[in-house]
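We have chain F already, so just place chain V on it with the hints.
One line per chain: the protein sequences are F and V, in this order.
To convert a position in the first sequence, counted from 1, into my numbering, add 24.
To convert a position in the second sequence, counted from 1, into my numbering, add 21.
Heads up, some of the hints might be wrong.
[As the list claims (entries may be wrong)] With a cut-off of at most 30 Å between alpha-carbon atoms, the simulated DSSO-like pairs for lysine-lysine come out as follows:
no.	chain 1	residue 1	chain 2	residue 2
1	V	Lys201	F	Lys155
2	F	Lys29	V	Lys390
3	V	Lys225	F	Lys152
4	F	Lys95	V	Lys388
5	F	Lys155	V	Lys225
6	V	Lys31	V	Lys238
7	F	Lys142	V	Lys225
8	F	Lys152	V	Lys301
9	V	Lys103	V	Lys238
10	F	Lys152	F	Lys207
11	V	Lys117	V	Lys230
12	V	Lys390	V	Lys230
13	V	Lys301	F	Lys155
14	V	Lys225	V	Lys31
15	V	Lys201	V	Lys117
16	F	Lys142	V	Lys230
17	V	Lys301	V	Lys31
18	F	Lys155	V	Lys240
19	F	Lys152	V	Lys241
20	V	Lys238	F	Lys152
21	F	Lys155	V	Lys128
22	V	Lys241	F	Lys155
23	F	Lys95	V	Lys390
24	F	Lys155	V	Lys230
25	V	Lys241	V	Lys128
26	V	Lys301	F	Lys142
27	V	Lys201	V	Lys238
28	F	Lys95	V	Lys301
29	V	Lys238	F	Lys155
30	V	Lys240	V	Lys301
31	F	Lys152	V	Lys230
32	F	Lys152	V	Lys240
33	V	Lys225	V	Lys390
34	V	Lys301	V	Lys390
35	V	Lys301	V	Lys103
36	V	Lys103	V	Lys31
Think of the hints as simulated: they come from the structure by calculation, not from any bench.
This one's a predicted model, so the numbers in the text were calculated from it and none came from an experiment.
Given next are the chains, with one letter for each unit.
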Amino acid sequence: MISVKGITKTYGSGEGAVEVLKGINLEVDDGSFVVILGASGSGKSTLLNIISCLERPDGGSVCYDGEDITKFTDSRLTAFRRTNIGFIFQQYYLLPNMTVEKNVRMGADLAHNDDYGKIIEAVGLGDKLEKYPAELSGGEQQRVAIARAIAKRPRVLFLDEPTGALDENTGRQVLDYIANIHKTQSLTTIMVTHNSNIARMADRVIMMNSGRIVQTYNVDCPQSAYEIGW
Amino acid sequence: MVISYRDALKVVGIIIVCCCAVFVCTLFLNYNLDLCGIEGELTTPAAVAMYYAQIDMGRVTVGVTGGCLVATSAIMLVAYIKNYIDSHGRELGILKAIGHSRISVAKHFVVFGLGTLVGCIIGYVASYIYLPAFYRTQNADGLFPDMPVTFHPELFIVLTLAPAAVFSAIAVLYAFMRLKTPVLDLMREKREYAVKMRQGKGQKRTFLKEVAVATLKGKKSHIFFVAFSAFCFSAMVQMAISMTEIASQTFSWMIGGIGLILAFTTIFMALSGVVRGNSKTIAMMHAFGYSDGECRRAVLGAYRPISYIGFVVGSVYQYALLKLIMTFVFAGVDNIPDYNFSWSALLITFAAFVLTYELIMYVYSLKLKSLSLKSLMLE
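For reference, chain F alone in the conformation it holds in the complex (with noise of 0.2 Å):
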């Protein structure tokens, strides 16, 4: 379980300090899918940052099974993000020299998953292994993106507005690849997005405003990404 109690965080000082978390507490059930919903500037991306290690807070605490991780050396954050934390992010941030194949194996080896060509057919891009990410249409990118952090065998997946640069059609495919690894590996899966039609997608929903949770609610029968409305 992950448990984030009074997380605070201000960006600069003095006069042009902006709060943009104002103490957020909450809890993510281990399996479960949550979205964590807000327009731009409300805080959303600065408090999954926050809860995936990538950045420290001001103030509070982010427990992982009981674990403070803002207490943790960057060595040992870095040892904690290798094996429990898995990034799908809006701008893909795909090696752009390696092959498909090499950015997949980013996360394989540290995971010394040798099977990791079957996420890449899961995805399907089985044909795709020796073409560079310039070589890839926007969805395909993405769809590298999740197998490389698949193949990581994450204990959670945090996603980034992952299809905010993608049309409607392959935005839905990638939402049924996300939503299927969810699923059949029981992956705890926490999702920013702006788009409340996306939120119908899981369990969990907490709605976010100026750096503050203003609604949390669970979600009775999540749809599938065909659907939800766009």
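Chain V only, in chain F's frame:
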């Protein structure tokens, strides 16, 4: 325009190398020109023999050291412009897209060539200040009559204005060629990704090895600069140590100093480029949980063997050059000691090189550590 006159000063590495090249060339050429003026006044056979030896030594030094440094400056300039176009593709693409012609954009790259003018003038002035002391050192035995330092305007033009003009032309022409890339490819900062790597059948490298290979093969200019910096360190420092036995101490300090400046300039330029060029890879590796040590070994460690090769070549080069000068140039001159390879100089230089190299790598590993995905997101 995306390029301003202030950008001319960013080519610090090239300015320093140009400065060293002009410093060395001015010393020997000015001396040679003045020496030619007193040829008729030489009466003793020893003076005549020393005269020809010094004239030849000046030619060899200018040809080998000056030529090598000028070629390095040109390679550094071309590499800098290539990196500049790669990293400013978006801005340059927009300029082309709104109707600026290729030549109208390329001509702004003249400022990088003009940067060399700064280096050449500093080198010339520094050399001119040092010339009286150099003249005294060269005539330490008193074989020649007193020779005043003469200003040779043609030398000033050849060593300052001419190189700046040539380097400016190279900058504009190279930029003109590189800007041939279609607008959209420039704006997408599309690079030549397909680095074909030879790999045996069934052989699979780990991801970290792939990063090391991709880093090495991605930018060949970095390999050259790392090897060249080790070469400079090895050759010039060993030469400086050996010269304390066969020439003056001032001369050995000068050679050693220039060698160290060149070594540091080129290695800093290369490693800065390596870190800049791999910032996305490193940031992503950090985010995924690769340790600082793994990132350092994959990105910087790949250059260690290259630097050792550069060191060995530098050792051979300095021995061959000094042996050549002592055997042929000073053949007829009396009281010139025999020159043999100095193993102690090699060991001292190697120890100093390993220490310096590892220290620089450590500084850059701290730079790698600071590259986070967050900083990449804020770009």
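Hint check results:
1. With a C-alpha separation of about 25 Å, the suggested pairing of Lys201 of chain V with Lys155 of chain F holds against the 30 Å cut-off.
2. Between the alpha carbons of Lys29 of chain F and Lys390 of chain V the distance comes to roughly 29 Å, so the proposed pair stays at or under 30 Å and holds.
3. The straight-line distance between the Cα atoms of Lys225 of chain V and Lys152 of chain F is roughly 17 Å, inside the 30 Å bound, and the hint therefore holds.
4. Our distance criterion of 30 Å between C-alpha atoms is met by Lys95 of chain F and Lys388 of chain V, whose separation comes to about 24 Å.
5. Straight-line distance between C-alpha atoms of Lys155 of chain F and Lys225 of chain V comes to about 17 Å, which keeps the hinted pair within the 30 Å bound.
6. Of the pairs offered as hints, the one joining Lys31 of chain V and Lys238 of chain V holds, with about 25 Å between alpha carbons and a cut-off of 30 Å not exceeded.
7. In summary, the hint linking Lys142 of chain F to Lys225 of chain V is supported, as the alpha carbons are separated by about 17 Å, within the 30 Å threshold.
8. A hinted pair counts as satisfied when its Cα atoms are at most 30 Å apart, and Lys152 of chain F with Lys301 of chain V qualifies at roughly 22 Å.
9. Proximity of Lys103 of chain V to Lys238 of chain V is assessed by CA-CA distance (about 16 Å); at most 30 Å being required, the pair is judged to hold.
10. A distance of roughly 26 Å separates the Cα atoms of Lys152 of chain F and Lys207 of chain F; the hinted pair therefore holds under the 30 Å criterion.
11. Distance hint between Lys117 of chain V and Lys230 of chain V is unfulfilled; the C-alpha atoms sit about 39 Å from each other, more than 30 Å.
12. At most 30 Å may separate the alpha-carbon atoms for a hinted pair to count; Lys390 of chain V and Lys230 of chain V meet this at roughly 19 Å.
13. Distance check on the hinted pair: Lys301 of chain V and Lys155 of chain F sit about 19 Å apart at the alpha-carbon level, within 30 Å; holds.
14. Using a Cα cut-off of 30 Å, the hinted pair Lys225 of chain V and Lys31 of chain V is violated, with the two alpha carbons roughly 41 Å apart.
15. As the CA atoms of Lys201 of chain V and Lys117 of chain V are separated by approximately 10 Å, the hinted pair is consistent with the 30 Å bound.
16. With a CA separation close to 22 Å, the supplied pair Lys142 of chain F and Lys230 of chain V stays within the 30 Å bound.
17. Between Lys301 of chain V and Lys31 of chain V the alpha-carbon distance is near 23 Å, which keeps this suggested pair within the 30 Å criterion.
18. As the CA atoms of Lys155 of chain F and Lys240 of chain V are separated by approximately 20 Å, the hinted pair is consistent with the 30 Å bound.
19. Taking the CA atoms of Lys152 of chain F and Lys241 of chain V, the gap is about 27 Å. The hint holds against a cut of 30 Å.
20. Restraint check: the Cα-Cα separation between Lys238 of chain V and Lys152 of chain F comes to about 22 Å, which is no more than 30 Å; the hinted pair holds.
21. With a C-alpha separation of about 36 Å, the suggested pairing of Lys155 of chain F with Lys128 of chain V is violated against the 30 Å cut-off.
22. Distance hint between Lys241 of chain V and Lys155 of chain F is fulfilled; the C-alpha atoms sit about 22 Å from each other, no more than 30 Å.
23. Of the supplied pair hints, the one linking Lys95 of chain F and Lys390 of chain V holds, its CA atoms being roughly 19 Å apart against a limit of 30 Å.
24. Under the criterion of a C-alpha separation no larger than 30 Å, the hint pairing Lys155 of chain F with Lys230 of chain V is consistent with the structure, at around 19 Å.
25. Distance hint between Lys241 of chain V and Lys128 of chain V is fulfilled; the C-alpha atoms sit about 26 Å from each other, no more than 30 Å.
26. Note on Lys301 of chain V and Lys142 of chain F: the hinted pairing holds, with a Cα-Cα distance of about 27 Å set against a maximum of 30 Å.
27. Pair hint Lys201 of chain V plus Lys238 of chain V holds up; C-alpha atoms about 23 Å apart against a cutoff of 30 Å.
28. About 27 Å separates the Cα atoms of Lys95 of chain F and Lys301 of chain V, which keeps this hinted pair within 30 Å; it holds.
29. In summary, the hint linking Lys238 of chain V to Lys155 of chain F is supported, as the alpha carbons are separated by about 18 Å, within the 30 Å threshold.
30. For the proposed pair Lys240 of chain V and Lys301 of chain V, the alpha carbon gap of about 15 Å is at most 30 Å, so the pair holds.
31. For the suggested pair Lys152 of chain F and Lys230 of chain V, the alpha carbons sit about 22 Å apart, so the restraint of at most 30 Å is met.
32. About 25 Å separates the Cα atoms of Lys152 of chain F and Lys240 of chain V, which keeps this hinted pair within 30 Å; it holds.
33. Restraint check for Lys225 of chain V and Lys390 of chain V: satisfied, since their Cα atoms lie roughly 28 Å apart, inside the 30 Å limit.
34. Taken as a hint, the Lys301 of chain V and Lys390 of chain V pair is honoured in the structure, with Cα atoms around 13 Å apart against an allowance of 30 Å.
35. Restraint check for Lys301 of chain V and Lys103 of chain V: satisfied, since their Cα atoms lie roughly 19 Å apart, inside the 30 Å limit.
36. Of the supplied pair hints, the one linking Lys103 of chain V and Lys31 of chain V holds, its CA atoms being roughly 14 Å apart against a limit of 30 Å.
The structure fails hints 11, 14 and 21 (numbered hints given earlier, in ascending order).
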